[in-house]
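Number of protein chains: 4
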Amino acid sequence: MLLKSKTSITSLFILLIWFPSAAALSVKDQYQQYSEVKTALDELVLANHILYDQGALDGYGHISVRNPSNPQTFFIARSVAPSVVKLDDILEVDMGGKVLNDDKRTAYGERFIHSGILNANPTINSVIHGHAASTLPFGVTGTTLKPIYHMSAFLGEGAPIFEIRDFAKPSPDTDMFVSNPDLGAGLAKVMGNGNFVLMRGHGYAASAENIRKAVFRAIYAVQNASIQAEAMKMGKTQYLTLKEAEISKATIEKTINRPWELWSERVRNQK
Amino acid sequence: MLLKSKTSITSLFILLIWFPSAAALSVKDQYQQYSEVKTALDELVLANHILYDQGALDGYGHISVRNPSNPQTFFIARSVAPSVVKLDDILEVDMGGKVLNDDKRTAYGERFIHSGILNANPTINSVIHGHAASTLPFGVTGTTLKPIYHMSAFLGEGAPIFEIRDFAKPSPDTDMFVSNPDLGAGLAKVMGNGNFVLMRGHGYAASAENIRKAVFRAIYAVQNASIQAEAMKMGKTQYLTLKEAEISKATIEKTINRPWELWSERVRNQK
Amino acid sequence: MLLKSKTSITSLFILLIWFPSAAALSVKDQYQQYSEVKTALDELVLANHILYDQGALDGYGHISVRNPSNPQTFFIARSVAPSVVKLDDILEVDMGGKVLNDDKRTAYGERFIHSGILNANPTINSVIHGHAASTLPFGVTGTTLKPIYHMSAFLGEGAPIFEIRDFAKPSPDTDMFVSNPDLGAGLAKVMGNGNFVLMRGHGYAASAENIRKAVFRAIYAVQNASIQAEAMKMGKTQYLTLKEAEISKATIEKTINRPWELWSERVRNQK
Amino acid sequence: MLLKSKTSITSLFILLIWFPSAAALSVKDQYQQYSEVKTALDELVLANHILYDQGALDGYGHISVRNPSNPQTFFIARSVAPSVVKLDDILEVDMGGKVLNDDKRTAYGERFIHSGILNANPTINSVIHGHAASTLPFGVTGTTLKPIYHMSAFLGEGAPIFEIRDFAKPSPDTDMFVSNPDLGAGLAKVMGNGNFVLMRGHGYAASAENIRKAVFRAIYAVQNASIQAEAMKMGKTQYLTLKEAEISKATIEKTINRPWELWSERVRNQK
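Residue numbers (the working numbering), protein chains in the order written: chain A, 1 to 271; chain B, 1 to 271; chain C, 1 to 271; chain D, 1 to 271.
Incorrect hints may appear among the rest.
Pairs involving identical chains hold if they fit within one copy or between any two copies, as the list cannot separate such chains.
[To be verified] Calculated pairs, PhoX-like style, for lysine-lysine (alpha carbon to alpha carbon, straight line, at most 25 Å):
| no. | residue 1 | residue 2 |
| --- | --- | --- |
| 1 | Lys86 | Lys254 |
| 2 | Lys254 | Lys28 |
| 3 | Lys189 | Lys146 |
| 4 | Lys236 | Lys271 |
These are computed hints drawn from the structure, not numbers from a lab.
Looking at chain A on its own, in the form it has when it is part of the complex (with noise of 0.2 Å):
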């Protein structure tokens, strides 16, 4: 967020001769120019990695990381899964979904979730979705994903459900994918204020203002997927209050590097 505070007309100046030198630069010389960058990209390849040991991807899915140096453009793997993803694989990506840098590698045929989701909402700077086995029955039974704990205090009066049907043109029936710009622009407005969307029939889509919450948020959000399911089978559940949940967000969304070291160390400990 270093553009932040540049609103007045010198910066703004500053931005039209730099923005376009910046997006000239590979990937590569961003991480080794720009610190930020490199810290972000460094993060961004673990929490690929955590995701896919914690359960909340498997051979599929992806997180993106908005450019800390540019807010116009983001960095997601080439198509790979998310257990293999390196450096050198990292894209950069702008908000209408358009591979940069003349990268001529396959981009993952989803990114448009994350263009749509980043684009809409500035404050949000990462995006997770996958497929993990215990979110897909809420979104094709109607179910409302809600915050039995703490853990998943941001799930806050409940998960909003995408029905891709209601987007797709010009027929309902697709391949099911958030595959062009529109089809994300609608998932991100389904997802509206809230930081977790069910995608009927495909999975769900995360998002938080930075990485380690974003994954933070997906990790227990499918761990939630699993107890309510649990807890419904056996009674009328209470769930958190919408107070409950508010409060909770913010005292727990304060400890989520204790998790993070946790996961981070098991990754690394399997190299």
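For this one, chain A is given, so just place chains B, C and D on it according to the hints.
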């Protein structure tokens, strides 16, 4: 599929003199002389390990591949657990389920699942049979396994269930094994043009035009079964529409090398 | 079963002078002097590790094997967790549950499960007792565990449930342990000619004519329990018919060396 | 429990002059000077790793032990994930939840769970708090967790449920954390003479007279929760009678070193 276009009299003549000599070659000789056989067998061994690691097979179960040099035979391991299969364990079997090359080692008693399906459908080149826990409840309760999400779109309008009692002779009571050509043909008939069949009180069979796709389908059918079972407990379930399944299948099955890379890396790291 | 055919007066005479000396031999001495004891004990240690790795036992539970040199005694570990059992931990116990060879180390309090079953049925040579989670709900709800598939065909018409209150004296309230010869005899009686019995509020016992088959049965009964529980939630379940169970059992139990090889390799690789 | 019998005037006098100096000793100094502190802290670190490995804790949760040299303080890790706790992470805390020895590192916000329970019950010397998934559905649906089998006999007539709304002031809406002495005292009151309490929308707390027994109870309560949830779906469940629970608890809790040995070996092998 070397022989696919050789339909002229000349090629038939070549076949007639070439087949016996090919049949006379041991699996090892074919591996050394035909690069496409080498590729297929290396992948077959790896697929055995992957299917175990991903929970689609356990101490039992098997995968076959049609001989790329001779569509009338296929390769499959001798009777050992999938996770310990080595190149040296591979047998060559004909479409009647007869082990070739004078190989006296014990073959899987259920190789007729493979000969039955490969014989009935010339576009299928790889078959998998296993007992994964999540698939069993469907077969024994007569519940149709349907595509919950795009990953298992190939399930289409739902997998048929093979009831061995309908094909067993003289008595409908059997050891539940597809242990002769007639039962293999019956299973293939129930499977029809689909690529997945549940076997009541036994397990499942999956098929595809190549090893990687068959592996992909087995793994995601097993996961679909778990997810569908949970969804059915939660409420009325929206499966992929037939049209969604058809379109999704085309898209997702172009990407199967992505998880394959990860799955391969996992089993290689376990060595 | 060295002694099986020795029924002449001469052999009886030999037995009379040989037995005491055999009983006088320590487990270690028998291991060194009798090759069939060596084989049995090596397999017993391995079986302990396999049963833990495959989830049929946890930090508790045990497996025994009848002494191949003396049908009136059996071998079982001293009171340690199955996964850490070493050769040196093996005790010899008689059919009354008495530890032999003047061995003062702590024995399992539930060795009477083993003595009870081995004593009641001379064709049984190995017994397993554990608390695997999937088996518990059946015992506490009075639900019959039945064969879902050929792998657990040995369950036949269903496993009986041992209610310790029916056998405990003077009060029906106990510590739930089969901790004396009477309770062991009661358990064996409920088990009858079957090879699996559920113990209400406690766990299960499995048996077979040899270690490998007992291990096979324990592992697949535990899996059958999970699958059956899911099937019962899904709808009316078709179990194996009695005839199917009988025929399947004969076929599948000829193949138990196949998973045994894999299970052994797994625990060896963990060393 | 060095001080247990020191009830004479003399010992009280000794205490008065000894306590301040003990309190003045850093955790490290106490570790080096008092062998019972060394034993307790080594076991505390190991217990943290075991609880994670056995699924009773995840990236969150904690275990405490009363100071064997001073019953008015206890030891607990600073705010890090259980699986990465090292000796150097241990803090000393008093019965008001105040961190001693001028240690400025971040403490767990929920240390009041520990101070509350340890303060209310002088026979309790170790407390565990976690969020294990299987326990959550009970708390949020008001379902009583009861002993399914002898392993969790300590659950007795069933675990009470702590509703934080009943104790929170001024508003019943909180962040769900037991974050002050009053809430800790409330939790201890609900727990009463039992050794397990469910916390609605949060997790559980377990206690015992020593670390190993607390670990044993947490692990088997978590397993009991899974088993009971399955049993309740299957039919009317026979729990241990109160008398059975009482007798079973006495027997089984004499054997807790058996799984402890295995659990220790597992985490040591992961190093």
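Next on the checklist: Taking the earlier hints as the rules, which of them does this structure contradict?
Outcome noted: 2, 4
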